[in-house]
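Given chain A, work out where chain B should sit, using these hints.
Which chain is which? The protein sequence lines are A and B, in order. Those letters in the first sequence? Residues 0 to 278, by numbering that gives the first Met the number 0. Those letters in the second sequence? Residues 0 to 361, by numbering that gives the first Met the number 0.
The set of hints was computed from the structure by calculation and includes no laboratory data. Since the model is a prediction, treat every value here as computed from it, not as a measurement. Here a beta-carbon is modelled for each residue, glycine too, at the ideal position from N, C-alpha and C. You may find that some hints are simply not true.
Residues on chain A that point at chain B, a partial pick, calculated with CB under 10 Å [stated by the list, open to error]:
no.	residue
1	17
2	19
3	93
4	94
5	96
6	103
7	105
8	107
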Amino acid sequence: MTEPLLSVRDLSVTFDTRRGPFHAVRAISFDVGRERVGIVGESGSGKSMTGRAILSLIRPPGRVEASRLTFDGTDLRNLPERQMRRVRGRRISMVMQDPRYSLNPVMTVGRQIAEALRVHGRPPRDEIRRRSLDMLTEVQIRDPERVLAAYPHELSGGMGQRVMIAMMTVTEPELLIADEPTSALDVTVQLEVLRILDDLVRRRGMGLIFISHDLRLVSTFCDRVLVMYRGRIVEEIEAQQLAEAQHPYTQGLLNCLPRIGGGQGDLPTLQRQDAWSHA
Amino acid sequence: MTPADIEDPRGSGRARFGSSGLPHVVKRVGGFAFSLVVTLFGLLLVTFLIARVVPLDPVLAVVGDRATQAQYEAAREAMGLDRPLAVQFVDYVGDVVTGDLGHSNLTSRPVVEDIRRTFPATLELATIATIIGVMLGIPAGVIGAVNQGRWPDHVIRVVGLLGYSMPVFWLGLVALLIFYGQLGWTAGPGRLDVTEQFIYELEVTRVTGSVIIDSALSDAWDVFRNALAHVVLPAGVLGYFSMAYISRMTRSFMLEQLGQEYVIAARVKGVPEWRVVWVHALGNAMVPLITVIALSYAGLLEGSVLTETVFAWPGLGLYITQALFAADFNAVLGGTLVIGAMFIVMNLLSDILYTLVDPRAR
Numbered sequence: 000m001t002e003p004l005l006s007v008r009d010l011s012v013t014f015d016t017r018r019g020p021f022h023a024v025r026a027i028s029f030d031v032g033r034e035r036v037g038i039v040g041e042s043g044s045g046k047s048m049t050g051r052a053i054l055s056l057i058r059p060p061g062r063v064e065a066s067r068l069t070f071d072g073t074d075l076r077n078l079p080e081r082q083m084r085r086v087r088g089r090r091i092s093m094v095m096q097d098p099r100y101s102l103n104p105v106m107t108v109g110r111q112i113a114e115a116l117r118v119h120g121r122p123p124r125d126e127i128r129r130r131s132l133d134m135l136t137e138v139q140i141r142d143p144e145r146v147l148a149a150y151p152h153e154l155s156g157g158m159g160q161r162v163m164i165a166m167m168t169v170t171e172p173e174l175l176i177a178d179e180p181t182s183a184l185d186v187t188v189q190l191e192v193l194r195i196l197d198d199l200v201r202r203r204g205m206g207l208i209f210i211s212h213d214l215r216l217v218s219t220f221c222d223r224v225l226v227m228y229r230g231r232i233v234e235e236i237e238a239q240q241l242a243e244a245q246h247p248y249t250q251g252l253l254n255c256l257p258r259i260g261g262g263q264g265d266l267p268t269l270q271r272q273d274a275w276s277h278a
Numbered sequence: 000m001t002p003a004d005i006e007d008p009r010g011s012g013r014a015r016f017g018s019s020g021l022p023h024v025v026k027r028v029g030g031f032a033f034s035l036v037v038t039l040f041g042l043l044l045v046t047f048l049i050a051r052v053v054p055l056d057p058v059l060a061v062v063g064d065r066a067t068q069a070q071y072e073a074a075r076e077a078m079g080l081d082r083p084l085a086v087q088f089v090d091y092v093g094d095v096v097t098g099d100l101g102h103s104n105l106t107s108r109p110v111v112e113d114i115r116r117t118f119p120a121t122l123e124l125a126t127i128a129t130i131i132g133v134m135l136g137i138p139a140g141v142i143g144a145v146n147q148g149r150w151p152d153h154v155i156r157v158v159g160l161l162g163y164s165m166p167v168f169w170l171g172l173v174a175l176l177i178f179y180g181q182l183g184w185t186a187g188p189g190r191l192d193v194t195e196q197f198i199y200e201l202e203v204t205r206v207t208g209s210v211i212i213d214s215a216l217s218d219a220w221d222v223f224r225n226a227l228a229h230v231v232l233p234a235g236v237l238g239y240f241s242m243a244y245i246s247r248m249t250r251s252f253m254l255e256q257l258g259q260e261y262v263i264a265a266r267v268k269g270v271p272e273w274r275v276v277w278v279h280a281l282g283n284a285m286v287p288l289i290t291v292i293a294l295s296y297a298g299l300l301e302g303s304v305l306t307e308t309v310f311a312w313p314g315l316g317l318y319i320t321q322a323l324f325a326a327d328f329n330a331v332l333g334g335t336l337v338i339g340a341m342f343i344v345m346n347l348l349s350d351i352l353y354t355l356v357d358p359r360a361r
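This is chain A alone, in the form it adopts within the complex (with noise of 0.2 Å):
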């Protein structure tokens, strides 16, 4: 395999909090290649904060600590801010969760989209609406020239949602973190968006990292998947073999899962044990 795309060891995420530090993220290392990778856990297994902490995201009283963070070559840790900026939005890129928060509610669609183009170097009007067409209609959305007029509460969120990732893609960036992107979407629209999403991560050979505590979904839609509990990748595993898991937690979580035309008995509860978060 060649030098991969994303390259973390031992990333940290500490909050120091009034009553001592808070880790969120333990010392975690994995590689993303122009691949897609899963990252699957509950609710404050410390996922997002590991998108976050790529993107150096994490304001104070956040801390984040690695012995290697480099993308495509380049160093990420204490990287200044300017450098920092051209890094974020053109070359690694990241949709979040719920375009009913994460899109400015005072600002058109066409301007928010715009904007990512213009703090990449400024490239002339025409070119920005041309660019901006053809993102929405890329994600298929049908109408673009009123897309781009509207203000984010005038969309439905499957709308809302195609036009976050629109924004975040139009710069083309090579790495794109999509924390649970359809996690606040009904399940109806939540698989087209996955669908689009997919579309646009082959064929523009993006390396992707899919944060989400479905680990149906996950195991479905990459090629790989970290297990996170408490911090820490517990397991990972190629998104194939995960009927094979080996960490109890895994398979806890696999269990978990009702089947169609499984047993009527009750499911089993999830077993958690303060172990794994050291090991």
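Relative to the frame of chain A, chain B by itself:
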């Protein structure tokens, strides 16, 4: 009710899809005009009733305490105060609608004329003070929020707290003592010095009623400079209060906005931090701030009574105060009515501006 009468929420949403603000503003103004009339009527009722409840005798104020009972009754009849309250009220409303606020005993001029003379002075003072409050208060609040818990935040908070806790008349007197009395940097009380007042009366055409604007329009630059020197202190004192309030509100609105997801999304895009703060977060914080600014402006129009007294500023506040001491009812009621109407207008204005800033309110 037929199903067609029930508005389809999706249908109306589509109709507003991507619309600009202006047509809705027009429609709103129509709606507000109605509520304006209703509120004004309520205001009239309140001012009218106040006049009948206050333990001051307007008849006595006219005839003096040496008048005979017959003279007193005659005056009372002449003023129409012997009629039933309802009749008096209808009469009062009719007068106000036709622009007649009665005669002032104090100045022996129609109250409307007095207000026309004094109100621009108050408006000028409050406007400059609000501009100062907004120009300083919003940046101060934003800087405080961005540096939450660090020294710039503390400095801004202490400065604001001082503005809150010092009585305006005391601050005004101290400011006069230092900047006018000791340092001589500014002019003293009043709107103009005697010489400039003379030039103003003779050479400056009244267009807006604001000495500053009118003198500039008439090329009377000596008067203009003198007027500025006079307005600096009272406007500064009032502006300080306005700043203290606006910065505190801005800070809390900004803290709320900076915690929102769209702020993180903007950072993800690579938007520089100044733009994240001043465009994204402040753009959203402006929505509630507009109401705060409008009400603080209206508050300055009303609350400048003490400032106008300390600085001998010939505005509406000073007029009402003097009228009150002289039991000059028509003047007090007229002034109250104007201030109440200003509150209503400011509310209306903030609602209109609100829809311009917030697309969700359209």
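Hints, verified against the model:
1. 17: 13 Å, violated
2. 19: It is violated, given that the least Cβ distance between residue 19 (chain A) and chain B is near 19 Å, above 10 Å.
3. 93: For residue 93 (chain A), the interface hint holds, since the closest Cβ of chain B sits about 5 Å away, which is under 10 Å.
4. 94: Cβ of residue 94 (chain A) sits 9 Å from chain B, so the hint holds.
5. 96: 8 Å, holds
6. 103: Status holds, d = 4 Å.
7. 105: With a minimum Cβ separation of about 5 Å from chain B (threshold 10 Å), the hint on residue 105 (chain A) holds.
8. 107: Hint on residue 107 (chain A): holds, closest Cβ of chain B at ~8 Å, below 10 Å.
The earlier numbered hints that this structure contradicts are 1, 2.
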